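Take a look at the letters that make up each chain.
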Amino acid sequence: MKTKLSVLSAAMLAATLTMMPAISQAAIPQTVDGQSIPSLAPMLERTTPAVVSVAVTGTHVSKQRVPDVFRYFFGPNAPQEQVQERPFRGLGSGVIIDADKGYIVTNNHVIDGADDIQVGLHDGREVKAKLIGTDSESDIALLQIEAKNLVAIKSSNSDDLRVGDFAVAIGNPFGLGQTVTSGIVSALGRSGLGIEMLENFIQTDAAINSGNSGGALVNLNGELIGINTAIVAPGGGNVGIGFAIPANMVKNLVAQIAEHGEVRRGVLGISGRDLDSQLAQGFGLDTQHGGFINEVTAGSAAEKAGLKAGDIIVSVDGRGIKSFQELRAKVATMGAGAKVELGIIRDGDKETVKVTLGEASQTSDSAAGAVHPMLQGASLENSSKGGVTIADVAQGSPAAMSGLQKGDIIVGINRTAIKDLKTLKAQLKDQEGAVALKILRDKSMLYLVLR
Amino acid sequence: MTIKDTLLYLGKAILFGLIMAAMFLLVTRYFDSNNLGNTLLQTRANSTVELSFSKAVRRAAPAVVNIYSLSIDKGRPLNSGSLQGLGSGVIMSKEGYILTNYHVIKKADEIVVALQDGRKFTSEVVGFDPETDLSVLKIEGDNLPIVPVNLDSPPQVGDVVLAIGNPYNLGQTITQGIISATGRNGLSSGYLDFLQTDAAINAGNSGGALIDTNGSLIGINTAAFQVGEEGGGHGINFAIPIKLAHSIMGKLIKNGRVIRGALGISGEPINPVVAQILNLPDLRGVLVTGIDPNGPAARAQLMPRDVIIKYDGEDVPGVEMLMDRIAETTPGKKVMMTVLRQGKPQELPVVIDEKVVVEN
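Just so you know, the protein sequences line up as chains A and B, in that order.
If you use my numbering, the first sequence corresponds to residues 1 to 451, in order.
If you use my numbering, the second sequence corresponds to residues 1 to 360, in order.
Mixed in with the good hints there might be a few duds.
To be verified - Under the rule of at most 20 Å between Cα atoms (straight-line distance), these lysine to any residue pairs were calculated in the SDA-like manner:
| hint | chain 1 | residue 1 | chain 2 | residue 2 |
| --- | --- | --- | --- | --- |
| 1 | B | K120 | A | D276 |
| 2 | B | K120 | A | S277 |
| 3 | B | K120 | A | G358 |
| 4 | B | K120 | A | K385 |
| 5 | B | K55 | B | L280 |
| 6 | B | K120 | A | R273 |
| 7 | B | K55 | A | L279 |
| 8 | B | K120 | A | A426 |
| 9 | B | K120 | A | K406 |
| 10 | B | K120 | A | L285 |
Stated by the list, open to error - Partner residues aside, some chain A positions facing chain B, computed with beta carbon under 10 Å:
| hint | residue |
| --- | --- |
| 11 | A41 |
| 12 | L44 |
| 13 | E45 |
| 14 | T48 |
| 15 | T57 |
| 16 | D205 |
| 17 | G282 |
Worth flagging that the hints you see were computed from the coordinates, not collected in a lab.
Owing to the predicted nature of the structure, the values given are computational and were not obtained by experimental measurement.
No residue lacks a Cβ here, since even glycine has one placed at the ideal position from N, Cα and C.
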């Protein structure tokens with residue numbers, strides 16, 4: 001009896017002695033009620049220095065025609081229009097993605113029209129930033145600052161995200177100063193919202209508000225999963241529905257902007273629509289999500305790769321797509337010359353097709369402004385006869401005021417002949433001052449001067 | 001036993017203890033040097049901390065449907081119907097029964113149910129209950145995804161929850177929050193029973209699922225606290241607990257409506273002033289303030305200023321309990337009540353009517 005007791009008490013003593021150091025080591029309690037207490041603080045200590053505030057100043061120029069009544073008073077020398085200049089200030093966020101080069105990603109709408117961009121770093125420094133390039137259709141802009149000891153954020157593969165993953169938004173809402181909010185990934189591949197021209201958003205319920213634009217959405221490892229861009233806000237503030245541009249799309253866009261100063265949009269050369277349940281039923285498909293090809297443009301990358309009308313694109317580089325818009329956003333942001341593997345369904349069979357994306361032969365009106373400020377408002381496309389056709393001119397735009405009309409073909413600049421958009425861009429890039437455009441209009445030649 | 005014996009006994013025990021402790025420490029240090037201890041700890045950490053809700057989402061989300069209620073203009077025969085209401089619903093069984101809010105399908109001429117896999121169905125209304133704002137729809141389809149239901153463990157304040165629905169018709173959206181408050185559980189009078197959550201719920205989320213982190217259904221999202229016209233976003237949202245919703249669903253499938261008992265009175269809780277005026281011993285019971293002249297209470301000769309203290313053999317602590325008990329009584333049943341009239345207890349038998357549903 002005694003021996004048994006002593007062995008027992010010995011064991012208990014041994015247990016107590018060995019447990020003691022373990023308890024004294026745990027200075028901060030890691031668990032409560034047997035469950036560990038999660039905190040984002042350790043991850044945020046590493047991540048938050050990479051998120052900056054972006055303050056811009058600029059001038060909005062609005063032009064109004066002078067009413068005819070007033071023209072009477074001024075006579076023939078009356079001013080044609082009244083120019084109103086309103087200075088504005090804007091505030092947003094940005095993310096340092098390359099510490100050595102000082103590259104900062106933000107939204108285009110944060111810096112749009114800015115004359116001066118100031119970046120506020122986490123440690124309190126204020127640095128003037130240079131705009132490297134911007135893409136209004138996807139709403140991404142790349143800035144550069146010259147500063148030492150920067151901290152960059154690592155990008156994650158946003159294609160690996162799942163609905164339900166934790167997401168943490170870091171930004172500068174309402175100019176309050178850096179703010180961290182948490183939530184989850186609410187949905188993926190969100191498009192068709194009409195916020196941007198190219199949409200393939202991550203949706204999150206982490207609180208995003210005015211000023212968060214351009215800031216980071218990160219995962220629990222502190223890696224970038226998206227750039228916070230927009231919210232649905234019926235009352236003006238956050239209701240738990242925010243949108244971020246996926247990190248992979250940002251990576252593609254930034255690489256192009258860093259190299260060319262602009263996005264060289266990749267083009268597949270198809271038109272189509274969402275696969276819906278009726279189409280799927282009609283074709284006898286199990287799949288309900290994808291992009292249905294209505295038409296393949298002759299000579300396009302899609303045609304070269306053997307895509308046909310009636311094919312259904314279900315994946316891009318092995319990742320399923322939900323809608324035609326998502327496909328469009330993915331392809332357009334990959335950049336010209338990118339190689340893509342498309343998963344398609346043809347006659348009920350699954351196939352994969354490798355495509356090398358072509359370069360866009362057409363720019364939208366907003367992109368034309370990047371070619372030359374006075375071309376803003378014109379849609380440009382390559383003419384089959386050589387030159388660049390003005391496919392459309394927005395009323396009251398700088399292009400219209402320069403005298404450009406729909407159907408005009410730009411065939412030369414100053415004394416250089418223009419073959420296509422590429423040469424037009426190249427010619428206009430280094431031009432300063434007035435530029436003479438040689439234009440073919442209704443079989444007659446004329447010159448227009450862009451100032 | 002002498003002191004010597006005791007000391008010897010203690011000494012042996014301490015010696016053994018020290019030797020065993022030393023051995024244990026040596027062994028663990030050996031394991032530590034092989035990093036085995038660390039890996040053991042890490043795997044344990046990984047298994048206890050769930051770093052994504054994607055598993056729960058995968059279990060529940062396919063069964064949460066988008067509901068479009070259409071109104072059809074009879075004057076225009078070719079009109080395919082205009083969108084009149086938007087909401088969400090949850091497929092509860094393989095037979096195609098769907099729980100949603102009554103206000104989602106109210107006034108609808110046609111109800112279209114869209115599954116996440118792209119399938120669309122026209123659904124019929126099995127039944128609805130305006131009091132709890134619930135309704136049950138039915139669709140006919142093969143391989144319908146159904147949601148796992150958690151009827152056993154009622155949610156606690158602080159539990160992490162996920163809301164699934166179709167806010168603003170953006171497409172299926174998952175939002176996360178916690179249970180902010182709970183009402184009482186399992187009673188059928190309705191309104192006081194809500195779960196409150198800070199998971200974002202917006203227009204179009206109505207009728208959708210509130211799930212726990214295992215992916216099991218714990219509530220039907222119903223309302224967001226709103227100020228004026230500016231919508232939600234205040235982090236104060238309400239869901240009907242699944243226990244109530246499930247019992248209402250059973251009744252709607254069985255009878256096409258929820259049959260509730262009615263007594264035909266209006267009543268108030270007892271406050272200290274009333275207690276003093278009526279000379280009551282305590283604040284328990286319900287003060288009768290009004291009587292429906294055609295109701296069971298009038299027939300049983302209940303009078304204003306009576307205080308109901310017992311209903312069907314049970315003490316009545318307050319208004320909510322009495323409302324629930326009356327609602328749960330099968331119409332036609334004779335029930336004994338004890339009332340205090342002018343300070344004296346009195347037994348009154350009453351035959352309960354069926355409550356008339358008022359559609360609002």
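key: Hints violated by the structure (listed by number, smallest first)   = 3, 4, 5, 7, 8, 9, 11, 12, 13, 14, 15 and 17
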